[in-house]
Amino acid sequence: MRQKGILRLVADAEQTDWSALVFRVRDHQDKVAFAALFRHFAPRVKAFLMKSGASEALAEECAQDVMATLWQKARLFDAERASVATWVFTIARNRRIDALRKSRRPEPEDLPWGPEPEPDQAEVFEAQQETERLGAALARLPLKQRVLIERAYFGDLSHSEIAAETGLPLGTIKSRIRLALERLRHQMDVKATER
Amino acid sequence: MKIKHHLSDELLMAYAAAELPEAFNLVIAAHLSLCDECRARSMAFDALGGAVIEDSTCDMAAGSLEACLARIDSLPQAEAPLTRPAGSVLPAPVQDYVGGGLEAVKWRSLGMGVRQAILRTGDKGASARLLYIPAGAAMPDHGHRGLELTLVLQGAFRDEVDRFARGDIEIADASVEHTPVAEEGEACICLAATQGALKFNALLPRLAQPFFRI
Numbered sequence: 001m002r003q004k005g006i007l008r009l010v011a012d013a014e015q016t017d018w019s020a021l022v023f024r025v026r027d028h029q030d031k032v033a034f035a036a037l038f039r040h041f042a043p044r045v046k047a048f049l050m051k052s053g054a055s056e057a058l059a060e061e062c063a064q065d066v067m068a069t070l071w072q073k074a075r076l077f078d079a080e081r082a083s084v085a086t087w088v089f090t091i092a093r094n095r096r097i098d099a100l101r102k103s104r105r106p107e108p109e110d111l112p113w114g115p116e117p118e119p120d121q122a123e124v125f126e127a128q129q130e131t132e133r134l135g136a137a138l139a140r141l142p143l144k145q146r147v148l149i150e151r152a153y154f155g156d157l158s159h160s161e162i163a164a165e166t167g168l169p170l171g172t173i174k175s176r177i178r179l180a181l182e183r184l185r186h187q188m189d190v191k192a193t194e195r
Numbered sequence: 001m002k003i004k005h006h007l008s009d010e011l012l013m014a015y016a017a018a019e020l021p022e023a024f025n026l027v028i029a030a031h032l033s034l035c036d037e038c039r040a041r042s043m044a045f046d047a048l049g050g051a052v053i054e055d056s057t058c059d060m061a062a063g064s065l066e067a068c069l070a071r072i073d074s075l076p077q078a079e080a081p082l083t084r085p086a087g088s089v090l091p092a093p094v095q096d097y098v099g100g101g102l103e104a105v106k107w108r109s110l111g112m113g114v115r116q117a118i119l120r121t122g123d124k125g126a127s128a129r130l131l132y133i134p135a136g137a138a139m140p141d142h143g144h145r146g147l148e149l150t151l152v153l154q155g156a157f158r159d160e161v162d163r164f165a166r167g168d169i170e171i172a173d174a175s176v177e178h179t180p181v182a183e184e185g186e187a188c189i190c191l192a193a194t195q196g197a198l199k200f201n202a203l204l205p206r207l208a209q210p211f212f213r214i
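So the protein sequences, as listed, match chains A and B.
For the first sequence, the numbering used here begins at 1 and goes up steadily by one.
For the second sequence, the numbering used here begins at 1 and goes up steadily by one.
The set of hints was computed from the structure by calculation and includes no laboratory data.
Honestly, I wouldn't trust all of these hints.
Computed list of lysine to aspartate or glutamate pairs in EDC-like fashion (alpha-carbon distance at most 16 Å, straight line) [as the list claims (entries may be wrong)]:
| # | chain 1 | residue 1 | chain 2 | residue 2 |
| --- | --- | --- | --- | --- |
| 1 | A | 51 | B | 59 |
| 2 | B | 4 | B | 37 |
| 3 | A | 174 | B | 9 |
| 4 | A | 51 | B | 55 |
| 5 | A | 31 | B | 73 |
| 6 | A | 174 | A | 161 |
| 7 | A | 73 | B | 73 |
So that you can see chain B by itself, here it is in the shape it has in the complex (with noise of 0.2 Å):
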């Protein structure tokens, strides 16, 4: 599996320094699970966030150091990292999303055999679902009022000008108004993080979009 389309240094920054919307964290981390050549991008960008640190400080107040050693020795002791299962269509921090593997996902339909799942998010900048696009299906045709990164997990999509298939990430901003459709073959599953309320051309579905939460 070749990954063709990355993630932007614009957004690795801004992931490294925590700056985004927690649905775009989400597919970022989902795309890190899957691409070691973002991952290593990712880890340069920390070790920017290294250099940074290092280059101003402060005093500190009275007895610091001591306060800091009382705080340790009341610590608990720390609990070993979560392991997650590996080798599911969902990378692991998606699964965390949606508390178990892909036979977990509360799919809803939303016509058309296209089915998604809104993966709850504590911040209203952006939000997170599950896409399921039966194969050779066209995704409602939309555009967005800002950023959407649309993350392949499963099958592969096709809109006017790429392919993308598992692992591949799409950046759209506003101006992009498209029309993906699914590849012949498998159902494309695919994890969707959008800026604002997205707005679909066609009439029916706009007048559906408040009440599916799209």
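So here's chain A without its partners, still in its complex pose (with noise of 0.2 Å):
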């Protein structure tokens, strides 16, 4: 435990810890963190929502909507389960649903973010720490890998398009996308056995 709060330390002193802020949005209506969380996530929001077809008005204003429900939905973020940008993509992702007519998507029983009173700080780092790693694992697939996977997640084409467009057969698209997750789950294994 001991040595998880240096790590931690050390980490903070790199990145910011959005949980916190999404916690101080939540406890003290806080302006200032909501700004620093807006700057961050607002136009990665945007930038999703483009990339998934979206007009760059029709982004802007969808954007505007997903921060105003992080704020609105902050009691029900579940630090423990998710990091703020899987959140934040969750919300993104339903609001994209709204905004483009996409067919409804239910949700499983247990609504997936429910409130903890006393979020467990070694999970909340822990979940951070997660998305992090999925990230930069993302960022050292070859391009190949990469492109199709975020492709796969704008959603701004099917399958059966991706292989119109770009001239490879659909078989081709399927295997490459389920290498590159093979390769994700890897790396994710090798860090987590290294901690």
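If you follow the hints, you should be able to join the two separate chains into one complex; please do so.
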């Protein structure tokens, strides 16, 4: 535990503890904390929506909506289960469903973002670290694989449309995605055992 | 209860990206309600979405933060999340479509004791329905034109290859032509989502197909 505490101090020097900022919004309606979250996440949500096919005006509008939802639902954020980036992604995804008139997407039982009275700091840290490690692993993928994973999430094209556009057979696209996921899984396993 | 048949990475990723027809989303949400293993994998795919979103950025319009803060001031108080009764045969997302538990399902007979209830979904990509197959009875022999997901909610069925019990999900594509049979004991209740329409092999059900919307 002690060692983890030191690691966290080192990590804090380099990166922002986004969960702590969400908690300040939740507990104190802290506009300074919110502004920091907005500066980081709003442009990312907007870029995500534009890559998903939204116009710039629609993406701007929806990114503001997503950030307003973050404020409004701050008490539903479960920092033990997910990083702020992951949570923001799920809000943005749901906003995109409305904005681009995609199919309804029912959620599983026990809404995944159940509130916890006192989140365990080690697990909160863990969740944010996981997203960062995943981001690093994603960046290390061969470009061809990374592009396909990102496009799958942007949802701008179905597999068969990507196939038509790139001239790659559908089977090649599917196996590239499969390889990419295997590689990500492997990297996450290696990192998990190193700690 | 040990679940043996799980969701594929391909389906979990498409669910995370919200790229599936509603009927498939519903079956996946129902399976995740019963299967902790796939739930954890599903959360990993959300985390991958978080990593993807971190990866690119762009400029916000001038005055964007101020506009957002003004928007927040005009927001109504957030509603408390819905709590739905647990412990039913029907997982919560299915209850939302049925409008209650098993007793609220409006079954229609397909003959031979087999019943179905079509669940209304908003897009035409796929259709969802609940199936009731009496113990020991066979599902109408069918192939399908596209992907079919079948989640067992009660009892169990067997086809030529495998056994499927509560929580198990069968993923069948157009190449699978099979005749599932409900096990002896309890009636088998399934939630199924089918891309396109089913094609039945026996003459009579084929004639009945448009009539029953299957």
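We went through each hint and held it up to the structure:
Between the alpha carbons of residue 51 of chain A and residue 59 of chain B the distance comes to roughly 14 Å, so the proposed pair stays at or under 16 Å and holds. This hinted pair checks out: residue 4 of chain B and residue 37 of chain B have alpha carbons roughly 10 Å apart, not beyond 16 Å. Pair hint residue 174 of chain A plus residue 9 of chain B holds up; C-alpha atoms about 11 Å apart against a cutoff of 16 Å. The straight-line distance between the Cα atoms of residue 51 of chain A and residue 55 of chain B is roughly 12 Å, inside the 16 Å bound, and the hint therefore holds.
Our distance criterion of 16 Å between C-alpha atoms is met by residue 31 of chain A and residue 73 of chain B, whose separation comes to about 12 Å. Pair hint residue 174 of chain A plus residue 161 of chain A holds up; C-alpha atoms about 13 Å apart against a cutoff of 16 Å. With a C-alpha separation of about 14 Å, the suggested pairing of residue 73 of chain A with residue 73 of chain B holds against the 16 Å cut-off.
Consistency with the previously given hints is maintained throughout, with no hint failing.
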